[in-house]
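Engineer: Take these sequences, add in the hints, and give me the full structure.
According to the UniProt record's numbering, the stretch in the sequence shown is residues 1 to 84, in order.
Don't take each hint at face value.
In silico SDA-like links for lysine to any residue, alpha-carbon gap of 25 Å or less [to be verified]: (1) LYS75 x ALA14; (2) LYS75 x GLN40; (3) LYS75 x ASP65; (4) LYS75 x TRP51.
Calculated directly from the structure, the hints in this document are not laboratory data.
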Amino acid sequence: MMLPDPPPTFRPPAPQERPWRWRLEDASGQEVRVEGHSGQRFASQADAESWVGEIWAELAEHGVDAVTLFEHDRKVYGPMSLHA
Numbered sequence: 001m002m003l004p005d006p007p008p009t010f011r012p013p014a015p016q017e018r019p020w021r022w023r024l025e026d027a028s029g030q031e032v033r034v035e036g037h038s039g040q041r042f043a044s045q046a047d048a049e050s051w052v053g054e055i056w057a058e059l060a061e062h063g064v065d066a067v068t069l070f071e072h073d074r075k076v077y078g079p080m081s082l083h084a
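Structural biologist: Structure representation (structure tokens):
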């Protein structure tokens, strides 16, 4: 019996495996790149929402005014302000 090759242990997840992402935006709606935070991808909507709930103040300090949630290329909601 032939078994399939084991998956690589430390391969990064494919976008299909983590379809949820935030677009970080400035006040004019332009995308903002924040080192260490831009490009984060998540396996579920709940994971994405938890992450932004924990990190929103730091994002605001780096010039992010709003965030928009996407599943693959579909806009789910946003822009959502990071200011009270």
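Engineer: Evaluate each hint against the coordinates.
Structural biologist: Status of the hints after comparison with the structure:
| no. | hint | result |
| --- | --- | --- |
| 1 | LYS75 x ALA14 | holds (19 Å) |
| 2 | LYS75 x GLN40 | holds (16 Å) |
| 3 | LYS75 x ASP65 | holds (18 Å) |
| 4 | LYS75 x TRP51 | holds (18 Å) |
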